[in-house]
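Undergrad: What follows is the residue order along each chain.
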Amino acid sequence: MLSEKVKEEIRGLFKKYRTKRSACMAAMQAVQREVGHLTEEDMREVAEMLGINPVRVHEVGAFYTMYNVQRPVGRYHIQVCTNLSCSLLGAEHIVNVIERRLGIKVGQTTPDNKFTLSTVQCLGSCGTAPMMQINDDYHEDLTEERVVEILDGLE
Amino acid sequence: MEKVLLKNVGKPDSHRIDTYLAGGGYEALKKALRMDTEDIIQMVKDSGLMGRGGAGFPTGLKWSFIPKDPTLQKYLCCNADEGEPGTFKDRSIIEHDPHLLLEGMAISCYAIGADTAYIYIRGEFAFGARRLEEAIAEAYQKGYLGKDILGSGFSLNIHVHRGFGAYICGEETALLESIEGCRGQPRKKPPFPALSGLYGKPTVINNVETLACVPTIISRGAEWFASIGPEKSPGPKIFGVSGHVNRPGLYELPMGTPLREIVYEHAGGIRNGRRLKAVIPGGVSAPLLTEEQIDISMDFDTLAHEGSMLGSGGVIVMDDTTCMVKAAYIINRFFSHESCGKCTPCREGTTWMTSILKRLEYGEGRPGDVELLEGLCGNIFGRTFCPLGDGAVMALRGALRNFRQEFVYHAENGRCMV
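Sequences listed follow chains Z and V, in order. Taken in order, the first sequence gives residues 1 to 155; the numbers are from this note's numbering. Taken in order, the second sequence gives residues 1 to 418; the numbers are from this note's numbering.
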């Protein structure tokens with residue numbers, strides 16, 4: 001169920017746009033920010049608030065890769081860029097280091113729900129490659145030592 | 001060259017309005033608000049500014065397509081969906097000099113008669129989105145946005161719209177779909193956005209760097225801007241250099257700076273004393289150039305003439321340890337991942353290309369795979385609504401044209417020759 005806080009935030013979005021449907025992306029972002037992922041029920045409620053068919057919300061959730069639709073992720077979602085510039089400078093090695101350190105493979109979450117590891121396409125940080133994003137934050141110019149230090153520093 | 005676009009980057013608190021104002025910020029907007037809108041559009045035309053997002057369309061001409069009818073609702077959308085691999089210039093402006101962008105947007109909106117604008121920023125740039133929201137709040141507070149800006153009678157609201165992981169939304173009509181709350185799939189053109197864009201209303205879509213050029217054109221004049229770089233595509237340009245160089249980073253240089261100078265002088269040459277093998281001049285969609293081809297002027301016309309493109313100006317440098325099959329696989333994997341699925345040739349074709357490149361890379365290639373790839377290229381190119389499929393083909397063709405023997409070696413021997 002959507003919290004009152006999220007509902008209020010969604011209603012606040014309506015004045016930004018000509019149509020309520022335009023608020024769909026930001027509304028789902030608000031839900032994910034609070035819950036961590038998107039459930040069937042929450043998406044139905046978003047659709048109701050926007051006055052659109054639930055399938056319209058679903059298709060947005062399915063299209064954009066950052067929505068975690070019915071896919072809970074750990075408290076820290078680690079996303080390593082494996083596009084060209086990062087790969088040229090050792091992104092594969094960075095992925096291996098993280099896999100070893102956390103004992104999980106790409107696409108998995110640690111049993112304590114602390115970390116989820118993903119590989120992603122270019123994050124626009126090519127001049128400071130290799131890089132990864134953990135939740136909202138960019139970590140750039142990575143080395144093996146730096147990655148371990150960052151992971152160990154997370155509560 | 002005197003910096004225009006990155007001049008504030010590196011100053012303490014460069015993102016704050018007080019810093020921006022202290023450097024003469026928002027003076028161009030004041031000047032523009034006293035000008036006739038037609039004169040502004042003419043000035044931008046005369047400056048020769050061409051879109052910095054990749055396509056290089058003349059900006060003033062784009063603005064002039066907007067109907068003059070004052071009763072029509074119009075929109076400006078700033079394309080900050082920076083996602084072309086190898087490109088990281090717009091992020092720097094957004095994070096470190098957001099008011100430069102906002103001033104450019106305000107002038108553009110005044111010129112085309114738009115009272116509402118959206119900044120479409122990719123979802124991963126959470127920090128950038130926050131910076132923009134803060135900057136917008138500051139600009140409202142100081143009266144550079146909102147109702148009756150500086151007593152001119154012109155009003156403008158700017159909103160931030162966050163994407164959420166879709167490269168295709170950098171395509172202008174997909175971007176509009178996304179603001180309307182839909183999947184980001186490109187629209188059929190015509191109608192073009194200038195007549196029927198956001199919510200079916202006349203809309204201009206401009207890249208961040210393009211809009212960031214506008215205040216300087218107004219304050220320094222079209223002639224000054226046009227005097228920088230080549231006559232046909234002038235102005236300052238941010239080149240982002242990444243890959244196997246000693247000093248990767250952003251370099252603001254005149255359009256038309258030779259690629260060799262960018263790689264060897266500004267970016268400090270190739271790492272670890274290695275030799276240069278190939279350079280992608282403008283994001284992964286741009287066909288690569290070899291060592292012998294880099295004495296080339298980095299501008300839209302010259303690169304197009306040489307069979308590549310300036311694109312976003314994201315320069316990716318690869319040294320002689322790079323396997324071109326692997327590079328091609330990584331690039332193609334990106335395109336198949338980001339294909340929106342609307343057009344069959346792109347959706348199916350890029351997927352097949354990726355699986356063939358993958359088996360070549362992993363030593364499971366088959367004789368005839370190279371010809372198969374070429375056949376697929378021919379069946380994608382020019383057969384889709386938007387340029388994503390074309391980009392995948394151009395990138396692969398560039399690699400095949402110059403390094404065909406490496407692909408054949410992978411297919412025949414099941415391993416790499418590098």
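Any given hint could turn out to be false.
Claimed, not checked - Simulated restraints on C-beta separations:
{"no.": "1", "chain 1": "V", "residue 1": "GLN141", "chain 2": "Z", "residue 2": "GLU59", "range": "32 to 40 angstroms"}
{"no.": "2", "chain 1": "Z", "residue 1": "LYS16", "chain 2": "V", "residue 2": "LEU150", "range": "41 to 49 angstroms"}
{"no.": "3", "chain 1": "V", "residue 1": "ASP46", "chain 2": "Z", "residue 2": "PHE14", "range": "35 to 43 angstroms"}
{"no.": "4", "chain 1": "V", "residue 1": "ASP115", "chain 2": "Z", "residue 2": "GLU34", "range": "47 to 55 angstroms"}
{"no.": "5", "chain 1": "Z", "residue 1": "HIS93", "chain 2": "V", "residue 2": "HIS337", "range": "16 to 24 angstroms"}
{"no.": "6", "chain 1": "V", "residue 1": "GLU27", "chain 2": "Z", "residue 2": "GLU41", "range": "36 to 44 angstroms"}
{"no.": "7", "chain 1": "Z", "residue 1": "GLU59", "chain 2": "V", "residue 2": "GLU348", "range": "53 to 61 angstroms"}
{"no.": "8", "chain 1": "V", "residue 1": "GLU265", "chain 2": "Z", "residue 2": "LEU154", "range": "38 to 46 angstroms"}
{"no.": "9", "chain 1": "V", "residue 1": "GLU374", "chain 2": "Z", "residue 2": "GLY12", "range": "48 to 56 angstroms"}
{"no.": "10", "chain 1": "Z", "residue 1": "GLU59", "chain 2": "V", "residue 2": "SER227", "range": "34 to 42 angstroms"}
{"no.": "11", "chain 1": "V", "residue 1": "GLU27", "chain 2": "Z", "residue 2": "LYS5", "range": "49 to 57 angstroms"}
As the list claims (entries may be wrong) - Listed below are the simulated DSS-like cross-link pairs for lysine-lysine, each with C-alpha atoms no more than 27 angstroms apart in a straight line:
{"no.": "12", "chain 1": "V", "residue 1": "LYS201", "chain 2": "Z", "residue 2": "LYS20"}
{"no.": "13", "chain 1": "V", "residue 1": "LYS45", "chain 2": "Z", "residue 2": "LYS15"}
{"no.": "14", "chain 1": "V", "residue 1": "LYS342", "chain 2": "Z", "residue 2": "LYS15"}
{"no.": "15", "chain 1": "V", "residue 1": "LYS189", "chain 2": "V", "residue 2": "LYS11"}
{"no.": "16", "chain 1": "Z", "residue 1": "LYS16", "chain 2": "V", "residue 2": "LYS358"}
Unchecked claim - One-sided excerpt, in silico: chain V residues whose CB lies under 8 angstroms from chain Z:
{"no.": "17", "residue": "GLY60"}
{"no.": "18", "residue": "LEU61"}
{"no.": "19", "residue": "PHE88"}
Calculated from the structure, these hints are not laboratory results. The beta-carbon is built from N, C-alpha and C at its ideal position, and this holds for glycine as well.
Undergrad: Confirm or reject each hint.
TA: A quick look at each hint next to the structure:
1. V:GLN141 - Z:GLU59: 32 to 40 angstroms: 39 angstroms, holds
2. Z:LYS16 - V:LEU150: 41 to 49 angstroms: Distance hint for LYS16 of chain Z, LEU150 of chain V is violated at roughly 24 angstroms.
3. V:ASP46 - Z:PHE14: 35 to 43 angstroms: At roughly 41 angstroms between Cβ atoms, PHE14 of chain Z and ASP46 of chain V fall inside 35 to 43 angstroms, so the hint holds.
4. V:ASP115 - Z:GLU34: 47 to 55 angstroms: Because 33 angstroms falls outside the window, the suggested range is violated.
5. Z:HIS93 - V:HIS337: 16 to 24 angstroms: Given a distance of about 21 angstroms, which is inside 16 to 24 angstroms, the answer is holds.
6. V:GLU27 - Z:GLU41: 36 to 44 angstroms: 53 angstroms, violated
7. Z:GLU59 - V:GLU348: 53 to 61 angstroms: 20 angstroms, violated
8. V:GLU265 - Z:LEU154: 38 to 46 angstroms: 40 angstroms, holds
9. V:GLU374 - Z:GLY12: 48 to 56 angstroms: For GLU374 of chain V and GLY12 of chain Z the Cβ distance comes to about 53 angstroms; the hint holds.
10. Z:GLU59 - V:SER227: 34 to 42 angstroms: Cβ of GLU59 of chain Z to Cβ of SER227 of chain V: about 50 angstroms, so the range 34 to 42 angstroms is violated.
11. V:GLU27 - Z:LYS5: 49 to 57 angstroms: 42 angstroms, violated
12. V:LYS201 - Z:LYS20: Between LYS201 of chain V and LYS20 of chain Z the Cα gap is close to 17 angstroms, so the pair holds against 27 angstroms.
13. V:LYS45 - Z:LYS15: 34 angstroms, violated
14. V:LYS342 - Z:LYS15: 31 angstroms, violated
15. V:LYS189 - V:LYS11: The given pair, whose Cα atoms are some 43 angstroms apart, is violated under the 27 angstroms limit.
16. Z:LYS16 - V:LYS358: At roughly 45 angstroms apart (the allowed maximum being 27 angstroms), LYS358 of chain V and LYS16 of chain Z break the hint.
17. GLY60: GLY60 of chain V check fails; min Cβ-Cβ to chain Z is 27 angstroms, beyond 8 angstroms.
18. LEU61: 27 angstroms, violated
19. PHE88: 5 angstroms, holds
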